[in-house]
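There are 2 protein chains.
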Amino acid sequence: MQVTKFAIPEVIFGRGSIVHVAPCARRLGAKRVLLISDRGVEESGWVEQVMDVMKASGLEWAYFNEVSSNPRDWQVRKGFEVYLEAKADVIIAIGGGSPIDAAKGIAILAGNGGRINDYEGANRVMRPLPPMVFLPTTAGSGSDMSQFCIITDVERQLKMSIISRSLVPNISIIDPLILLTKGQELIIASAIDAFSHAVESYVSRLASPFTTHQALLAMDLILPNLRRALEDGSIEALEQLSIASTAAGMSFSNAGLGAAHALAHSLGGRFDVLHGLVHPVLLPSVMRFNVPSCPQKMGTIGRCILGEPDCPDATAADEGIARLQELFAELEVPVRLRDILPDKSSLEQIAGAAVGDACNLTNPRKAGKDEFLSICESAW
Amino acid sequence: MQVTKFAIPEVIFGRGSIVHVAPCARRLGAKRVLLISDRGVEESGWVEQVMDVMKASGLEWAYFNEVSSNPRDWQVRKGFEVYLEAKADVIIAIGGGSPIDAAKGIAILAGNGGRINDYEGANRVMRPLPPMVFLPTTAGSGSDMSQFCIITDVERQLKMSIISRSLVPNISIIDPLILLTKGQELIIASAIDAFSHAVESYVSRLASPFTTHQALLAMDLILPNLRRALEDGSIEALEQLSIASTAAGMSFSNAGLGAAHALAHSLGGRFDVLHGLVHPVLLPSVMRFNVPSCPQKMGTIGRCILGEPDCPDATAADEGIARLQELFAELEVPVRLRDILPDKSSLEQIAGAAVGDACNLTNPRKAGKDEFLSICESAW
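Top line first, the protein sequences correspond to chains V and B. Be aware that the first sequence starts at -6, since it is given in my numbering, and climbs by one per residue. Be aware that the second sequence starts at -6, since it is given in my numbering, and climbs by one per residue.
Simulated from the structure, these hints should not be mistaken for lab results. It is possible that part of the hints are untrue.
Intra- or inter-copy, both count: the list cannot distinguish identical chains.
[Unchecked claim] In silico DSBU-like cross-links for lysine-lysine, where the CA-CA straight-line distance does not exceed 30 angstroms:
id: 1; residue 1: 24; residue 2: -2
id: 2; residue 1: -2; residue 2: 175
id: 3; residue 1: -2; residue 2: 337
id: 4; residue 1: 48; residue 2: -2
id: 5; residue 1: 359; residue 2: 337
id: 6; residue 1: 80; residue 2: 337
id: 7; residue 1: 71; residue 2: 337
id: 8; residue 1: 362; residue 2: 24
id: 9; residue 1: 24; residue 2: 359
id: 10; residue 1: 337; residue 2: 48
id: 11; residue 1: 24; residue 2: 48
id: 12; residue 1: 359; residue 2: 71
id: 13; residue 1: 362; residue 2: 337
id: 14; residue 1: 48; residue 2: 80
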């Protein structure tokens, strides 16, 4: 085994753990916090809760909420100006992947200056960032665990993958009670995103024993608990989805992702779709494309989906992918590319941009523009 | 699930990873390092290797090697004086549990002052420590991963458990090539120590999904790879033992240990025995004592030992413990308490001291002095 690295934040996990936010910020030296979130999280009352906890602890803060789904480069710039004006010293974000990714972008500018677009790719963030505490409000993005930051470059119409060890926050506080206030579409999109993280990182070129076991744990938990969460909305099922999303985050942050995410980023930069809902469309086609490069691992994934521990690799891989497509269809989410794109005119551009995405580097099978085009055709 | 915490160092794992020590120290701001090791590690040439890497990188250092097996309180004090005199800013330790635990003790005094004995117990280290980089030379202690520091109080003749989040080092560099230079007795003692970490943390009162999966990974790997390492000394088997020890370290650092370690610390403070060789004596008796409190988990452990995935809990627990005792006997290590103690005269004192050890707090079944005495009797 070659040299491998494994880095995760300090994790505080459990119902009611949101109250740890103030002592955590203080421990990191906070005098004045920049708190980042969005209107959706505000509406469900969680931003106010964080503010109440900070107020009770005597912490001061500035607040920034101009973050959209698929956060934009100019939003990062604007948040950075608020950070400067506030003379903030610690960054706290509460939200799904979008506020957390925006927070990471702001932290990059705070520590390194320049434009966020300067840092696209792997290991281009050189100077330390201000301390970060993140509270995820979805069980999916894994951004609270990861070295990844995805920001939309508006001019180039693509989502930039920025990957750096220093983007792992100091502390991630994961309170599953927050999921009780989320709608079914978001629960589904998040769980599918987490499942894709587990699958792609499990077969990644950089997978290690420390990441594969986290990926397997996530895969084991997601499908049964997603079903249960949709049936009864129970906190037990939502908590298991949180555990799975955290484990998948530990895995993909260190092992990287693959062609499905490369394509999702390129597609998501051009069309403003909910990231988690791109995977039901792309993941099965990418999995089929990858089978020849990792038949045993695809067999393991297939057995996990099918719940048939004795099924041989080739059958399990094949039938597992088919079953996954059925499961996605049962969830009533878009499952064909034609459901989310107006026509095929953008496929060339989408395929071309996917080749250069950092996630493509760790896909087990080499994919150029032609391969991405044929994946898109098979997903059409 | 109640609120749970999971913290581990940044991990750099793999053959040849020792060369990362200088860039890691630099990244943590090192100008002048305190390097800690012992004569055994010196003799195998690894201390020189670390020095060569630091020299090539232009790092200055002071060196402290007055660390014995089961490091003493006065050794920590002496190392701290070297730290002060050298005006060191980063601590690097290379060794088994002893140099690493000594390094943690020195770091506590560097950050907090006072005597090391002041910090016995859980969460008594209040002020930050200097940055720490550890390179384990055994696949067992897990000290390079953990919040634990075990120092012998010479006057009271016991091993103090000092447990604090801040004892997790910044970076652990795990190079399995180092194990190629270790003798069989140390490989055995280390593997059994790691196995005990996995078993005790798996059934601990503080076990969480993040720790139980690490414990299971460790248990799965240790027994087959220990056998293989002893047969062929292959780097592949040693590497798997390293992975297992690291996983077990992630588990016990966050979930805590149990009655076997409480007893091992009390016994090891009074008699200067190799820590890993106390477990073959104590662990089976403690496991039997614990079965009524966690029959299902003990069934899982038993199935792992037996390699029989379909065996029912009660049979698996019972036969698994018996098989473990046979395996220990086959390794030709002491398996009865009478093999390592001169007579029964110290049992009362050993049992009494075990009750107050911090590891006893997380044992699944409450154990007072009488219970520890009866465990000792059954292990005699």
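With 30 angstroms as the alpha-carbon cut-off, assign the pair residue 337 and residue 48 to within, between, both or neither. This pair counts as neither: shortest intra-copy Cα distance 52 angstroms, inter-copy 59 angstroms.
Is it within, between, both or neither when you check residue 71 against residue 337 at 30 angstroms Cα-Cα? Close neither inside one copy (35 angstroms) nor across copies (73 angstroms); limit 30 angstroms.
Are the CA atoms of residue 359 and residue 71 at most 30 angstroms apart within a copy, between copies, both, or neither? neither (38 angstroms within a copy, 56 angstroms between copies)
First find the shortest C-alpha distance between residue 359 and residue 337 inside one copy, then the shortest across copies, and answer within, between, both or neither for a cut-off of 30 angstroms. For residue 359 and residue 337, the Cα distance is within 30 angstroms only inside one copy (23 angstroms; across copies 67 angstroms).
Can you tell me if residue -2 and residue 337 fall within 30 angstroms by alpha carbon in one copy, between copies, both or neither? Neither way: residue -2 and residue 337 sit 40 angstroms apart in one copy and 48 angstroms across, limit 30 angstroms.
30 angstroms Cα cut-off: does residue 24 pair with residue -2 within a copy, between copies, both or neither? Intra 33 angstroms, inter 24 angstroms, cutoff 30 angstroms: inter-copy only.
First find the shortest C-alpha distance between residue -2 and residue 175 inside one copy, then the shortest across copies, and answer within, between, both or neither for a cut-off of 30 angstroms. Close across copies (24 angstroms), not inside one copy (34 angstroms); limit 30 angstroms.
With identical chains, the pair residue 24 and residue 48 could be close in the same copy or across copies; at 30 angstroms between alpha carbons, which is it: within, between, both, or neither? The answer is within: 12 angstroms in one copy meets 30 angstroms, while 39 angstroms across copies does not.
State whether the alpha carbon distance between residue 24 and residue 359 is at most 30 angstroms within one copy, between copies, both, or neither. neither (48 angstroms within a copy, 43 angstroms between copies)
Is it within, between, both, or neither for residue 362 and residue 24, if the alpha carbons may be no more than 30 angstroms apart? So residue 362 and residue 24 fail the 30 angstroms test inside a copy (49 angstroms) and across (48 angstroms) alike.
Up to 30 angstroms between alpha-carbons, please classify residue 362 paired with residue 337: within, between, both or neither. within (15 angstroms within a copy, 76 angstroms between copies)
First find the shortest C-alpha distance between residue 48 and residue 80 inside one copy, then the shortest across copies, and answer within, between, both or neither for a cut-off of 30 angstroms. Cα proximity of residue 48 and residue 80: one copy only (18 angstroms, versus 40 angstroms across).
Of the numbered hints stated above, those contradicted by the structure are hints 3, 6, 7, 8, 9, 10 and 12, listed in ascending order.
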